[in-house]
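K.L.:
Each chain is listed here by its residues.
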Amino acid sequence: MGKPSDLVQGTLDLLILKTLSLEPKHGWAIAKRIEQISNEVLQVQQGSLYPALHRLEQQGWIRAKWAESETGRQAKFYSLTAAGRSRLEKEKESWKRLSNAIDLVIDTV
Amino acid sequence: MRWVQRLQMSMMALFHRQSEKARLQAELAFHLEQQIAENVAGGMAPEEARLAALRLFGNPTLLDEEARSSWSWNWIESLWRDLRYGVRTLARSPGFSVIAILVMALGIGASTSLFTIVRSVLLKPLPFREPDKLVMVYEHYRIGDTIHLYNPVAAADFYDWREKTHGFQEMAAWRWWAGAVTTNSGEMPEQITGATGSWNLFSVLGIEPALGRTFTPDEDRIGAPDVVILCWSFFQSRFSGDSSIVGKTVRIDSKPYTVVGVLPKFFTYPDSEVKVWIPYATAFAPDELVQPDHHQSHVVARLKENVPAAAAIQEVSALQHRIHMANLTKSVAEEAVIRPVIEDVVQGVKTSLFVLMASVGCMLLIACLNVSNLLVARGAARRREVAIRGALGGSRLKLIREQITESFLISMAGGLLGILLSFFATRWLATHWQDLPRADAIQMDGTILVFSAVIVFLSALVAGLVPAISSTGKQLLSALQESARSLGGGVSRAGLRKTLLAAEVTLTVILLISAGLLFKSFMHLHSLDLGCTTDRVLTMRYGLPDIQYDKAEKIVAFHEALLEKVRNLPGVVAAGLVSTAPGAGYESSRAFTIPEHPSQEPLHLDAMTRKADPGYFNAIQIPLLEGRVFTTQDRLDRSNYVVISKLMADQRFPGESPLGKHIKIEWDHKTETMEIIGVVGDTIHVIGDPIKPMVYFPLLSGATTETTLVTVVVRAAQDPLALVMPVQKQISSLDPQIAVRVLTMQQIIGRATASRSFSASLVLAFAVLSLMLAAVGLYGVLSYLVQQRVSEIGIRMALGAQRGEILRLILLDGMRPVLFGLALGLFGGAVAGTLIKSILYGTRPLDPIVFAGMIGSLLVTATVAGALPALRACRIEPVQALRTE
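Sequence order for the protein chains is A and B. Be aware that the first sequence starts at 1, since it is given in this note's numbering, and climbs by one per residue. Be aware that the second sequence starts at 110, since it is given in this note's numbering, and climbs by one per residue.
One chain only, chain A, in its complex shape:
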């Protein structure tokens, strides 16, 4: 059994896409945002975050741009592409289906 903060496989992509749907962010901010919103339940490890970001970028769901961060340093900002936006919708839907299904099983049996 993994640690409680371990993410269900494949859901990190969904969380990243969702986090980026409001505005472009750099890696650090993405991790922080997920932690905050989930009330510190979901801890995103760097070891999974950056490979995931690079994978999403390779697949064209997100796009990266170097820009100045709040602290005045150059940072890599990720933003959602049009393809990424529709991808997010799909991921959301399938997540809902999955979690509904799991709820059903847990509540009834």
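Check each hint, because a few of them may be wrong.
[To be verified] Pairs of lysine-lysine, DSBU-like flavour, derived with a Cα cap of 35 Å: (1) Lys459(B) x Lys242(B); (2) Lys459(B) x Lys374(B); (3) Lys439(B) x Lys660(B); (4) Lys90(A) x Lys130(B); (5) Lys663(B) x Lys773(B); (6) Lys96(A) x Lys18(A); (7) Lys130(B) x Lys18(A); (8) Lys25(A) x Lys96(A); (9) Lys439(B) x Lys773(B); (10) Lys65(A) x Lys130(B); (11) Lys838(B) x Lys364(B); (12) Lys65(A) x Lys507(B); (13) Lys130(B) x Lys32(A); (14) Lys413(B) x Lys242(B); (15) Lys755(B) x Lys663(B); (16) Lys663(B) x Lys507(B); (17) Lys130(B) x Lys25(A); (18) Lys413(B) x Lys374(B); (19) Lys32(A) x Lys507(B); (20) Lys374(B) x Lys364(B); (21) Lys357(B) x Lys374(B); (22) Lys130(B) x Lys92(A); (23) Lys779(B) x Lys663(B); (24) Lys273(B) x Lys233(B).
Think of the hints as simulated: they come from the structure by calculation, not from any bench.
On the provided structure of chain A, position chain B as indicated by the hints.
P.N.:
Quick look at chain B alone, frame taken from chain A:
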């Protein structure tokens, strides 16, 4: 639009890899800084904050690698890295690499060559229209030996089959034929092999002539004007490809034939020796066409679209049975059988080819096992390195991949070298393998290259997988501990190597036994007693053209004049005439009856026929056992005498003297009663076939249809080949039109055994190579064991073990897998021997001499290979051994 970005990204990853790497570093560094800043904001001291951030961050290199592994083209990078590592490790031990590559090259090259030949000869369809619809139809005797399983067909039967059955779309027939070709006066006559074919033969096969036309039905009857079709090779060699030859005449046996067509280059059926074709019926005497017991023809039939072969042949068989019942006094088969044309063409070499293919496969497997064995040894030496890399986070898959890359490099290099090698080897095999059918069809093509690539891949896998898995599988800690104390280390590794060695020995023993059996068969055949002398004997075959030599007196006059001249040549000890020399072929066999033994069943009384002059038996030294041989008085119409062979006397006249008895037998197209005047020793007609009863007729009878094709047999005092020119001069001084075919008895034997000697030598060569490989393997295993056990041996010696005991200890340790492999191999060899039984001659599959010899040579080789490391072990100085620890 997504694909645009994806393409862009992969291009970036491919072409701007360095700058992309720097950016990744910057991105990760930024993350780290943010973490530090947060820690500081939380109240940590700067240094503490940095350390805490680093702890949280984990292994930066690993993170870097994992992020990068999501980029495209990553596989190229890792492949390139593996290749570089592989080349570097191989280059570090060039001796090992060169040996491994050569071993692989040999195995892969030989397999490729053999596969090329097997594919071209056995698997490629014949160059006919819908060749799988073509079958050969043979007569079949219900009782009888295996030779009569597929018996040639009588012309009369063929015509009956073709006319009265309807199961086949069409049936055609052909027959061997020979003649002497002369074109224009002054040119040397040339003895050629030809064939006669029914007018529809070429259309049944689906062959269009390259020039002119094929035969018409009207040309395929007795008495029709003579026509001939040339084969491409003869058209080129004799007429230098001059197409104006079509319509002109050539002289064959002094008779003018009009050339009507030339066959295409690819057509070399039934074999490439055939130079000309003439119509089927024209080469028969009228009565031969109606007799059902002149079994000389081969029948080709094309299956109908909707009639199964079994139904078609059943109808023919039923008809043949009626013919049999109508001719009970004659030798007529009871039924008919079919086999595919391709089977018919390759039947002589099929088993040999499969045996060669299997032995090459064995050799390749042994080569792989050997490389595998060497890699295991290296794996053991690098165990600590692998363990440390594993501890530092190298994934197992990556380590396995690296090792397999090494064996791939070896196989690839070996494969390239091997394919190059096989290119030459295939050519050599195709030209030097006598009697190999379809040798002209042999060529390498794409399929062969694909085959080689697959072989390379499989070899790499076989050679690399076992060592790779075994050397990376152990728990890291135990590996590290073990290599810290080398005492008793590597036991399991040695076990694996011993298993590989035992497998190698098993295969080697199987190969050795098969090779031994084949070689013994060949030696047996080669030293076979033909029943006559074969030393310094020359045979020259010539034919007298029927047109000029149409009277018995003329024929006898020529033969006697020639003998007289040849006997007077210096260097000639004796000379005689016979229709077919011993070992030179079948000629013909005829049924006969014995008036004194009317009760003997006549059907299966048949005997080989030969015609001989009085001097023949002495010239070739066939012993006279009873009575007398012919005299010069037994000539022309006073010649109703025969001499029979010992086997015939024993079989047909048991317990009595055959002298003065008679046989009724066909002679010169009439049934004649002949008196038996003598019994001579048996001779062999075809090397490898069992001896058959034989009847000799007097050649000096001059019977016009029996005595024109003869062989002059000359026993020489010195080198028989020196007599070729003088004898030839005598022949052309008598008649310049006559062509001769020259062979010494040694050449006749050599030709008959060439194919067997070829395959036996090849298998033997493969077996010896495998034996050497196995020896190298054993040497390697033992050297490794000794190296592993240096300190153990040192302690044993320090405690008082004698050097002899150490020697025995090591040698026994090495011999155990050898003995185990030997036991398995003996079993496998017995199975292999039974499988190749059909191509053995005078040798049983469990031949004790072969088995003993092969066991002996294996044990001697193994002992020698094992003795070197064992001796090295017992020379170990205990003090030094313990100190190096």
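K.L.:
Now look at each hint and say whether the structure bears it out.
P.N.:
Hints, verified against the model:
no., hint, result
1, Lys459(B) x Lys242(B), "holds (21 Å)"
2, Lys459(B) x Lys374(B), "holds (25 Å)"
3, Lys439(B) x Lys660(B), "holds (30 Å)"
4, Lys90(A) x Lys130(B), "holds (32 Å)"
5, Lys663(B) x Lys773(B), "holds (27 Å)"
6, Lys96(A) x Lys18(A), "holds (14 Å)"
7, Lys130(B) x Lys18(A), "holds (27 Å)"
8, Lys25(A) x Lys96(A), "holds (25 Å)"
9, Lys439(B) x Lys773(B), "holds (12 Å)"
10, Lys65(A) x Lys130(B), "holds (15 Å)"
11, Lys838(B) x Lys364(B), "holds (23 Å)"
12, Lys65(A) x Lys507(B), "holds (33 Å)"
13, Lys130(B) x Lys32(A), "holds (25 Å)"
14, Lys413(B) x Lys242(B), "holds (8 Å)"
15, Lys755(B) x Lys663(B), "holds (33 Å)"
16, Lys663(B) x Lys507(B), "violated (90 Å)"
17, Lys130(B) x Lys25(A), "holds (21 Å)"
18, Lys413(B) x Lys374(B), "holds (28 Å)"
19, Lys32(A) x Lys507(B), "holds (34 Å)"
20, Lys374(B) x Lys364(B), "holds (26 Å)"
21, Lys357(B) x Lys374(B), "holds (21 Å)"
22, Lys130(B) x Lys92(A), "holds (32 Å)"
23, Lys779(B) x Lys663(B), "holds (21 Å)"
24, Lys273(B) x Lys233(B), "holds (34 Å)"
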